[in-house]
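J.: These are the residues of each chain, in order.
Number of protein chains: 2
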Amino acid sequence: MHALEQKILNEGIVLSDKVLKVDAFLNHQIDPVLMQQIGKEFAARFKDAGITKIITIEASGIAPAVMAGLELGVPVIFARKYQSLTLKDDLYRSKVFSFTKQTESTIAISNKHLNSHDKALVIDDFLANGQAALGLADLIHQANAEVVGIGIVIEKSFQSGRQLLLDKGYRVESLARVQSLENGTVTFCRD
Amino acid sequence: MHALEQKILNEGIVLSDKVLKVDAFLNHQIDPVLMQQIGKEFAARFKDAGITKIITIEASGIAPAVMAGLELGVPVIFARKYQSLTLKDDLYRSKVFSFTKQTESTIAISNKHLNSHDKALVIDDFLANGQAALGLADLIHQANAEVVGIGIVIEKSFQSGRQLLLDKGYRVESLARVQSLENGTVTFCRD
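Just so you know, the sequences run in chain order F and L.
Numbers given in the working numbering equal positions in the first sequence, counted from 1, plus 261.
Numbers given in the working numbering equal positions in the second sequence, counted from 1, plus 261.
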């Protein structure tokens, strides 16, 4: 997706060979116009998939997921990383290990909003090792709903997540695929 | 805002005299069409205020804030409740006490995305005791930026937050003002 790649080149900061900081438009400050373009692109790619729900995870997944939900005309559910006072019972839960933070967290969604008739699209901001996407897919499977696909804003293609998800049979659509961050430079996959 | 009040009446759950659960469309599952309407309403109310940035807090503030940002044509910054790996330095910080959770947390935004020329609109999902809004306003003041107003999706008008914010001179615009949750019934302010 050209506009996204340009934004990454212009405003992304390469912190190391593995870490791309996009706090200027996605992970902290959010560019709503770009989010709308991202939503339209996800909707275009999945428009014939019969999606009934979008599942994402707080916090950075919410903006692109809501814009995709607006375009597809379906609700969005964001998984929480912790339990809040008003969301204690009747949860689907999954464990997600973050290689970045070296911590395991529990993610959860209410079982009230997802059922066996749902065809769910997972959306997340980043794909690196694939653990968050797998956790979200696990929540969907617990509801006996179908995982129609996984939509990613920025994929770090040099890490193992994409292949892991493909090997499990998931359709993966990443709007920007970063081949390398070496030498402080962002290079995109061209295939 | 009529559509929001109807949604609260139809899908909100009164858990107690003080707790209104809106996990069906705002705090967990999100209705993107309603969020767009909310964004348009905030934009209409603040269109002449010269806003340059919207400031919200993860996670439930993000969807309404991004839709308002889209309508107003300005970026959104969401404050984080904890520090992440790629957001360590150069932060404005504030302490926020949650009466609901009875815990204090630190909220923070990067000093890179907000400066003394900014006119900032605070947006949040709920207004109860006003502590989150005050914390966000504090972050904006630390940047020597102006707090143009505070936009709230659902105000619990029977709690002290609104008056606290008005007493400090802030303009408060709440799209739904809940007068009471007594007897399991939602009653809105009519004034």
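Be a bit skeptical, because a hint or two may be false.
[Unchecked claim] 30 Å max Cα-Cα, derived DSS-like pairs, lysine-lysine:
# : chain 1 : residue 1 : chain 2 : residue 2
1 : F       : LYS373    : L       : LYS301
2 : F       : LYS342    : L       : LYS429
3 : L       : LYS308    : L       : LYS429
Just so you know, these hints were derived from the structure itself, not from any lab.
J.: Please go over all the hints and tell whether each is borne out by the structure.
T.: Each hint tested on the structure:
1. F:LYS373 x L:LYS301: With Cα atoms ~29 Å apart, LYS373 of chain F and LYS301 of chain L stay inside 30 Å; holds.
2. F:LYS342 x L:LYS429: With Cα atoms ~34 Å apart, LYS342 of chain F and LYS429 of chain L exceed 30 Å; violated.
3. L:LYS308 x L:LYS429: Status holds; Cα separation ~22 Å.
When held up to the earlier numbered hints, the structure conflicts with hint 2 and nothing else.
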